[in-house]
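Novice: Each chain is listed here by its residues.
Protein chains: 2
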Amino acid sequence: MENNEIILLFAMNMKRIRLEKKMSQEDLSFAADLHRNYISDVECGRRNVSLQAIAKIAAGLEIEVSELFNK
Amino acid sequence: MENNEIILLFAMNMKRIRLEKKMSQEDLSFAADLHRNYISDVECGRRNVSLQAIAKIAAGLEIEVSELFNK
DNA sequence: ATGTGACTGATAGTCCGTG
DNA sequence: ACACGGACTATCAGTCACA
Chain B
0 MENNEIILLF AMNMKRIRLE KKMSQEDLSF AADLHRNYIS DVECGRRNVS
50 LQAIAKIAAG LEIEVSELFN K
Chain V
0 MENNEIILLF AMNMKRIRLE KKMSQEDLSF AADLHRNYIS DVECGRRNVS
50 LQAIAKIAAG LEIEVSELFN K
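Sequences listed follow chains B and V, in order.
Here the first sequence is numbered in numbering that gives the first Met the number 0, starting from 0 and rising by one per residue.
Here the second sequence is numbered in numbering that gives the first Met the number 0, starting from 0 and rising by one per residue.
The reader is advised that the hints may include incorrect statements.
[Claimed, not checked] Calculated cross-link-like contacts (lysine-lysine; reagent style DSS-like; alpha-carbon spacing at most 27 Å): (1) Lys20/V with Lys70/V; (2) Lys70/V with Lys14/B; (3) Lys70/B with Lys14/V; (4) Lys21/B with Lys55/V; (5) Lys14/B with Lys55/V; (6) Lys55/B with Lys20/V; (7) Lys20/V with Lys14/B; (8) Lys20/V with Lys70/B; (9) Lys70/B with Lys70/V; (10) Lys70/V with Lys20/B; (11) Lys70/B with Lys55/B.
Simulated from the structure, these hints should not be mistaken for lab results.
Go ahead and model the full structure; you've got the sequences and the hints to work with.
Specialist: As structure tokens, this is what we get:
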């Protein structure tokens, strides 16, 4: 597979922002309407997230989508 | 399907940028290593694109991923 | 040069658990 | 509160013929 650069960038930004907001993965899973285990997988860089899931995560974190792709 | 706001935002940005760069869909499909019909589908908002495909498209357009999510 | 329906194999995303 | 596994269903990636 091996183009996981963007997957890791996304994962790291997501985790960093979630912690800044003092949310648990379960808080986020509820706010984003995604499964708790899925949030865990994404933050560990184990998932190739789709646009709609990206939008849900950004909404759950109350941020713009583009913030999840900052370098 | 419902929440296609982000899908349409992505589609419109992608098409606008591609045209600004004076590329055809076929040019982009070659540069991004994605099928021509797939590029067409994405620009028409018919696909829920994943992170890895997003990275390929941004690379093909020679832009940052976050530019595809500007409002 | 682009849009669309349809198809198949792969994987996104859910849910049950465990430590 | 989180990582990880296994199993499941819904959907995505990738392609074709044709308009």
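Novice: Does each hint hold? Answer for all of them.
Specialist: Quick rundown of the hints versus the structure:
1. For the hint linking Lys20/V to Lys70/V, the alpha-carbon distance of about 19 Å falls within 27 Å, and the restraint holds.
2. At most 27 Å may separate the alpha-carbon atoms for a hinted pair to count; Lys70/V and Lys14/B meet this at roughly 24 Å.
3. Restraint check for Lys70/B and Lys14/V: the C-alpha separation of about 24 Å stays at or below 27 Å, so the hint holds.
4. Restraint check: the Cα-Cα separation between Lys21/B and Lys55/V comes to about 33 Å, which exceeds 27 Å; the hinted pair is violated.
5. Distance hint between Lys14/B and Lys55/V is fulfilled; the C-alpha atoms sit about 23 Å from each other, no more than 27 Å.
6. The suggested pairing of Lys55/B with Lys20/V is violated, with an alpha-carbon distance near 31 Å, which exceeds 27 Å.
7. Taking the CA atoms of Lys20/V and Lys14/B, the gap is near 34 Å; set against the 27 Å cutoff, the hint is violated.
8. Proposed proximity of Lys20/V and Lys70/B is supported: the alpha carbons are some 24 Å apart, at most 27 Å.
9. For the hint linking Lys70/B to Lys70/V, the alpha-carbon distance of about 19 Å falls within 27 Å, and the restraint holds.
10. Distance hint between Lys70/V and Lys20/B is fulfilled; the C-alpha atoms sit about 24 Å from each other, no more than 27 Å.
11. Distance restraint check for Lys70/B and Lys55/B: the Cα-Cα separation of roughly 21 Å lies within the 27 Å cut-off, and the hinted pair is therefore satisfied.
In terms of the numbered hints stated before, the structure departs from hints 4, 6 and 7, listed from lowest to highest.
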